[in-house]
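Could you build the full structure based on these sequences and the hints that come with them?
Numbering (our numbering), first residue to last: 1 to 765.
Derived by calculation from the structure, the hints in this document are not laboratory data. Treat each hint with caution, since some may be false.
As the list claims (entries may be wrong) - Below, simulated DSBU-like cross-link-like pairs (lysine-lysine); rule was C-alpha separation at most 30 Å, straight line:
no., residue 1, residue 2
1, Lys-485, Lys-500
2, Lys-124, Lys-670
3, Lys-500, Lys-14
4, Lys-14, Lys-485
5, Lys-124, Lys-14
6, Lys-209, Lys-246
To be verified - Computed Cβ-Cβ distance ranges for the label pairs, DEER-style:
no., residue 1, residue 2, range
7, Ala-551, His-634, 19 to 29 Å
8, Val-4, His-79, 42 to 52 Å
9, Thr-9, Val-693, 34 to 44 Å
10, His-77, Gly-385, 40 to 50 Å
11, Thr-462, Asn-331, 44 to 54 Å
12, Cys-575, Lys-124, 25 to 35 Å
13, Asn-361, Gly-385, 31 to 41 Å
14, Thr-409, Arg-172, 35 to 45 Å
15, His-634, Asn-698, 10 to 20 Å
Positions of the beta carbon are idealized from the N, C-alpha and C atoms, including for glycine.
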Amino acid sequence: GLFVTDYFTRTPRKLSPFRSFASIELFHFHIPEDTVIAVWNLITFKEQGGTFGDQCPDRSITVYFRSGAPSVINPLHTHFPRDTAVPGSFALTLTWTLPNRTTGVFNVTSPLPGDWFLAAHLPKDEGKISVKGLYEECQYLFQPQLIVQRLVNIAVLYPGYVTEQTMAPHNRSCLYKVFVPSYTSRVLVELLRCRGAEGCPLWLRVRAKAPPLHNSTALDCREHAPCQLALDLPFWQHWYYVLVEKHPGVPGTVSFQVTVQLTDCSRPSLARPPFLPSSASMNMPHSFGSAGGLALGDSPAPTSPNGTKNPFPITSPAGERCWPVRPTLRNELDTFSVHFYIFFGPNVSVPPDRPAVFVINLLPVLDSGGVLNLELRLNVSSLCGENVTVFGCLNHEVPLTSGDNTSITCETESLAGFLLSVNATASLSRLRIPYPQTGSWYLSLRSLCATEHGFEPCTNVTAEVYLRAYLSPCINDCGIYGQCKLLRTNNYLYAACECKAGWNGWGCTDNAEAFSYGFQLLSTLLLCLSNVMFVPPVAIAVRSHYLMEAAVYIFTMFFSTFYHACDQPGIVVFCIMEYDVLQFCDFLGSLMSVWVTVIAMARLQPPDGCPAAPQVLYLLGAMLLSMALQMDRHGLWNLLGPSLFALGIMAIAWTTRTIRRRHCYPPTWKRWAFYLCPGALIAAAAVLLYAFVETEENYFYIHSIWHLLIAGSVGFLLPPRAKPSRRLGPLPRRKGCGYQLCVNEQEELGLVDPAVASINSICTS
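Shown next, in the form of structure tokens:
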């Protein structure tokens, strides 16, 4: 055949350590039909500070693959909520082969067509809280690339007609495909008139949706005559691929005829007619590809190479029938919030002699990012005292209609499903499927009576069941210890839980590491009551007449207390305002406390500057800090920039005084030994704890110590009150009218209140 190669790539993204599914990076691909091989090239590289991160540590990267919907992963081995079905997926771990780059390859032979999803993450870390911008962070970037090779012009088999084929000596196989419409209960593939050097040295393989593999349903035609391969309960509205493969080492030419027969379960006595006038009659795509490139509705019936039609005899095994499928009404309330209503429901009757079948249609891409929920509730009063059990089978793309009325399984050799059951003892049953595959889901309900010999069909008992089916973003909205987040990757939306207070799991229901109520209360009280340490600095500021500084400390103490009361992850939470407002005020108060303290230490008073200099700097700092916090609330320079600027002003003021007075300022060693040095050491210890020690696990007590140290350092660093001097210095004498007027020198210099100054003496000349 003719192969076509397609290439797809995605933009590199930064990977994060795994905490929940909300922290993974999700990539969406689409594989076309008739693809024989798909190769994912997984490129990972390190970056640090805009350059290659050769010094970054090697951290393994885990990649998950799944067809139809995102992978449901559990790398931390937590417990899933009750009644949750976990679909499987492929997983691959990448290791580093170069200092800053590694590449992995993942091959899938004959992949299923449609949507494929890749999820990637780093291992869970220790949860260190780092200050943004303090150092160059190691970034691990991941970029997947997809290369697919697909066949074009695959020969199409028409049900009921014979196709002749001659396989040359250099050919190994022939590939065909046939479309299976709805209400098909059986697919029968048969090889006729097979002639070769060694009888019929062929393998017959059949697979749904994609070309067959080595482990697909197969039949050795040398050992079976006639060579017939039957598939019961095929997938509806899908292509089935037929591969006729020659045995290895068989010489010469092999000729054969291949035909396909579809059994219509809605008419058990008839097979599907050999030819339909239009593709719409079979629910077939109008143009589905054939050897001649003609659509079914526009082409003549398939013919043999000599031009004569070869209709296959129409036969059908008796007893194969399907039951009517009741549709559901789709009601979209919000994103991933869809209710499926049953006509004349929600109470449905399950007769004893036949199953009740319902269909739930999930839209492609749109519905695969949520959770499919199903609930069955049995009306016990409808059983009339009989020991009746209602079984429900939920299957994807085909309903399970078994000929064995006493069978209670929802699986066959080629079909997997989910089983639900309700009876008089357990009248409620639930099923949750996170990230369900899209398409049609069929629910088959049937009632069986329990006897001494097992389950048998009931007689004259019609069970009544309340049926509820809906799509939700998360399982139980993640409970009280989680938050359901709506996430987006390019144009694909999905939802995931983000847990808190030590709770884990897909629905935040795993309490193995959960914080107890006492622990939550203790952490909240520590973070809130540690702000009481600001009371001594407020008292010192008021006593020293630093009223502006005292007001800032009170503001910081108030909003830090209520911000941490609102910021708790558990249930011990108290918010007096919106969270964002409290956070902004807490950050602003913290930065303003540093700002006003350092400006007060500078002692900007004449003759060092103008009298309004402190007030101007206070107002300017408040405006600039508000602007900086609005731009980046967690940036390093929000704290470091204002602090360095204020320290520069203080250093200039102290240097000026030192030069003018020709001795060190502050002048006393006691001020340095008992106030400035201890205060600076306490503040430095607080900054080191905040920047390098704080993690998510020790946050509540390390951050409380941070509150205590910062407030304590303010009490040491705040300068004492500037007391006015009452010593009266002499001025140049001025004589007049026989008197000498002595005036206070401090008043002339503007250092004290004029009311304090008085005429010292009136001297007689």
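Hints, verified against the model:
no., hint, result
1, Lys-485 <-> Lys-500, "holds, 13 Å"
2, Lys-124 <-> Lys-670, "violated, 51 Å"
3, Lys-500 <-> Lys-14, "holds, 23 Å"
4, Lys-14 <-> Lys-485, "holds, 19 Å"
5, Lys-124 <-> Lys-14, "holds, 15 Å"
6, Lys-209 <-> Lys-246, "holds, 22 Å"
7, Ala-551 <-> His-634: 19 to 29 Å, "holds, 26 Å"
8, Val-4 <-> His-79: 42 to 52 Å, "holds, 46 Å"
9, Thr-9 <-> Val-693: 34 to 44 Å, "holds, 42 Å"
10, His-77 <-> Gly-385: 40 to 50 Å, "holds, 46 Å"
11, Thr-462 <-> Asn-331: 44 to 54 Å, "violated, 28 Å"
12, Cys-575 <-> Lys-124: 25 to 35 Å, "holds, 30 Å"
13, Asn-361 <-> Gly-385: 31 to 41 Å, "holds, 38 Å"
14, Thr-409 <-> Arg-172: 35 to 45 Å, "holds, 38 Å"
15, His-634 <-> Asn-698: 10 to 20 Å, "holds, 19 Å"
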